[in-house]
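J.: Single-letter residue listing:
2 protein chains.
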Amino acid sequence: MKLSIAFSFLLASSTAFHLQSPSTRASALYAGVERNANFAKLAGGYLFPEIARRRTSYLEENPEMKDRVISLGIGDTTQPIPPHILNGLVEGAKQLGTKEGYSGYGAEQGMQSLRAKIAEKLYNGIISADEVFVSDGAKPDIMRLQQMFGPKVVSAVQDPSYPVYVDTSVIMGQTGEQDTNSKQYDKVIYMPCTPENGFFPDYSSVPRADIVYLCSPNNPTGAAATKEQLEGLVKLCKERGSILVFDAAYAPFIRSEGVPKSIFEIEGAREVAIEVNSFSKYAGFTGVRLGWTVIPGDLKFKDGSLVRNDFNRIMTTTFNGASNIVQAGGLACLDDEGLAEIDALIDYYLKNANILRETFEKIGYDVYGGVDAPYVFVKLPASMGGSWDAFQTILEKTQVVTIPGAGFGPGGEGFLRLSAFAPREAVVEACKRLEEALAPVSA
Amino acid sequence: MKLSIAFSFLLASSTAFHLQSPSTRASALYAGVERNANFAKLAGGYLFPEIARRRTSYLEENPEMKDRVISLGIGDTTQPIPPHILNGLVEGAKQLGTKEGYSGYGAEQGMQSLRAKIAEKLYNGIISADEVFVSDGAKPDIMRLQQMFGPKVVSAVQDPSYPVYVDTSVIMGQTGEQDTNSKQYDKVIYMPCTPENGFFPDYSSVPRADIVYLCSPNNPTGAAATKEQLEGLVKLCKERGSILVFDAAYAPFIRSEGVPKSIFEIEGAREVAIEVNSFSKYAGFTGVRLGWTVIPGDLKFKDGSLVRNDFNRIMTTTFNGASNIVQAGGLACLDDEGLAEIDALIDYYLKNANILRETFEKIGYDVYGGVDAPYVFVKLPASMGGSWDAFQTILEKTQVVTIPGAGFGPGGEGFLRLSAFAPREAVVEACKRLEEALAPVSA
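Line by line, the protein sequences are chains X and Z. Each residue of the first sequence is one higher than the one before, starting from 1 at the first, in full-length UniProt numbering. Each residue of the second sequence is one higher than the one before, starting from 1 at the first, in full-length UniProt numbering.
Treat the hints with care, as some may be off.
Which copy is meant is left open, so a pair is good if it fits within one copy or across any two.
Straight-line Cα separation of at most 25 angstroms, DMTMM-like style, residue types lysine to aspartate or glutamate; simulated pairs [unchecked claim]:
#: 1; residue 1: 261; residue 2: 202
#: 2; residue 1: 351; residue 2: 202
#: 3; residue 1: 300; residue 2: 50
#: 4; residue 1: 152; residue 2: 34
#: 5; residue 1: 351; residue 2: 100
#: 6; residue 1: 94; residue 2: 337
#: 7; residue 1: 261; residue 2: 130
#: 8; residue 1: 99; residue 2: 76
#: 9; residue 1: 99; residue 2: 67
#: 10; residue 1: 94; residue 2: 76
#: 11; residue 1: 99; residue 2: 336
#: 12; residue 1: 94; residue 2: 335
#: 13; residue 1: 66; residue 2: 100
#: 14; residue 1: 187; residue 2: 34
No lab work stands behind these hints, which were simulated from the structure alone.
All chains should be built: construct the whole structure from the sequences, respecting the hints.
T.: Shown next as structure tokens:
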């Protein structure tokens, strides 16, 4: 690089130019490809690999702790895939070895049978098969939505929130720089979600956004939005001409009566909302990879064109369909046997969430979430310092990996997220250690 | 929409404004989200769904032809997955049903064992494991590369070429509008590939580009670049400071001595090239979904930062890893038994290519490709009209689905691409019909 810069200076003098050989001239003229400026704006690494890095770094310094580490960090499923669903995956693989069962490229939007079954079993007919796009997961779907929206939209996010909404906005060039103090990006609208507002954003109190991201049950706060809250938000998005991207990846954890599992249970949502969803937490498919996005046929851009058409173009041009084996597993998930297996899995994780909740209540912390959600969001006492400090202290004292709230945006500072996806015995052991280590001296 | 536009006009008059209710005002002020202008630039649909649409439309009009249709169109594998590789997939699924074998989120870059095996078995140690990023396929990887490059790069493509390079450039906003006559996009550099230059582009004869896309063995022309050709191109990319994106998805079809299967066989390529690759054609994984991209640690942007770091950020932030089941299948592909099975599969398809080649030679057409490649590229006689016309004529006369060369860019006009991925009996039958229908009257 230094060489090239030196040559650039030389180029100012035309005599110097002639002294160089043709190939040297070329490299002086073209020092390479400019880095995409949006990447320089991205703060640090993506959250979850950063957590893994800190855990690894701790274990390098304390190798004797290796067997003691318990992860309540990243929301990663740990229970084996139940028999009926597993059989769907195994048979999906086996049939590829036969002439009759072999399949190559499928529709980029997913198998028609799976699209239809999702529409029927999970949306009760409010959504039709051709409004369902099957994919390899919610995270890549959020990126594909961003590609469709393009660089000029302004987004509003819950603060704190799942980091992918903001990070992909930065990658797309929708944002300005990150402010060093507030940790907020310029041109992103942050909607504070706090215990005071039940972790539900007041969109009416912030400027209009093109895209509003809402996750319910929420990652990281564990709050599940009520019907009234969602009705208000849908109405407001309609009035303001905003598209609501509703992330329902944790919907199966909702057990409370009357709490909507889909945004399309709300009147008018077909004209304003997109729903992103995933089998990851339904059936332990975090490593298997299967998700879907619903784009209603009623959703339009300002020029009247269908949002669904542009998303279809993104899917066909930049994606090649979810794995045929995995889609066969998805079909098995939605059989009656599969749905019953999913219920049992969710019961298991919800019981974990309850144990976590009760432990922190016992310690005397304020605890949120963990009821209709697999995440428990704990308010840290001021004595523990910032949430990254608390993360480190807890790791060192108890060998329990958590996630600092600040990893989910500036609004998460002062909180800690704990995941209920660990095995039961690990949750119980972690709670024992946390209780010992965190219980106030006065208690 | 009409209503909103009407209100916009009313807004010019301040008295009219006050006549509206608050919610009506809001919808008048905010008529919705602007469509991403890059989508309006995209011409027609993505090529392969368009072929499927025309085939369906033909069958709707001629339902009696349903059983006669033979697809030599999209390059979709048709042979079952061989036993050893299949076993890898089946076992990969089965182990998810056990406590010990279950796995959730994996590294977004792929299983370390698979990255290492790809580096060892396919790159002979020229590439290291941490330069290999495992993914769900070459097509989504090209989009991820584009996200990394951002909207400001200028790309050069072979003309004709696989449509994804240009379509994703348009989606990213790198291009201007498509010219109605030339069918070329503004700000894309088209490098003519013709029988005269052996379908290898002369990059020195066109303006410098940031990114140069090269596919070898080529889709659609079937040309496999020689060592000398690639050495010249790597040298030129280095001199001009261009990044070479080398699409090697058809590499296993190379059987001729001395023809490079990877760009990294060329000296200096580690400083200029990225290689995109896929198991789709290796092992019949078109529906299974597994690919990889190699970003050497020596490749840098103009500011000296590593390209690999930004790609790693894209992978971790916008992707969640290829399916664990599918990666287990990938490992089986690279065992000795798996590699032998791949060789046998490729033999089968290469024999098909040879049959297609000989048929068109017999008819008296100029034929290209089909030797180190699964595609045969046929020069159409002027009497057949444009390549979309020829596609339609052949479909109607013989019920054989092909792909018009023009679908691969303006430079493909006058050619037809035929795929060797159909079952043998279908290829033989198609050739019989093509010979009958296309043989010149004078013959």
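J.: Against this structure, judge whether each hint is valid.
T.: Checked hints:
no.: 1; hint: 261 <-> 202; result: within (20 angstroms within a copy, 57 angstroms between copies)
no.: 2; hint: 351 <-> 202; result: neither (31 angstroms within a copy, 65 angstroms between copies)
no.: 3; hint: 300 <-> 50; result: between (38 angstroms within a copy, 23 angstroms between copies)
no.: 4; hint: 152 <-> 34; result: both (21 angstroms within a copy, 9 angstroms between copies)
no.: 5; hint: 351 <-> 100; result: between (44 angstroms within a copy, 22 angstroms between copies)
no.: 6; hint: 94 <-> 337; result: both (21 angstroms within a copy, 18 angstroms between copies)
no.: 7; hint: 261 <-> 130; result: within (20 angstroms within a copy, 41 angstroms between copies)
no.: 8; hint: 99 <-> 76; result: between (37 angstroms within a copy, 14 angstroms between copies)
no.: 9; hint: 99 <-> 67; result: between (47 angstroms within a copy, 17 angstroms between copies)
no.: 10; hint: 94 <-> 76; result: between (27 angstroms within a copy, 19 angstroms between copies)
no.: 11; hint: 99 <-> 336; result: between (29 angstroms within a copy, 24 angstroms between copies)
no.: 12; hint: 94 <-> 335; result: both (20 angstroms within a copy, 19 angstroms between copies)
no.: 13; hint: 66 <-> 100; result: between (49 angstroms within a copy, 18 angstroms between copies)
no.: 14; hint: 187 <-> 34; result: both (24 angstroms within a copy, 17 angstroms between copies)
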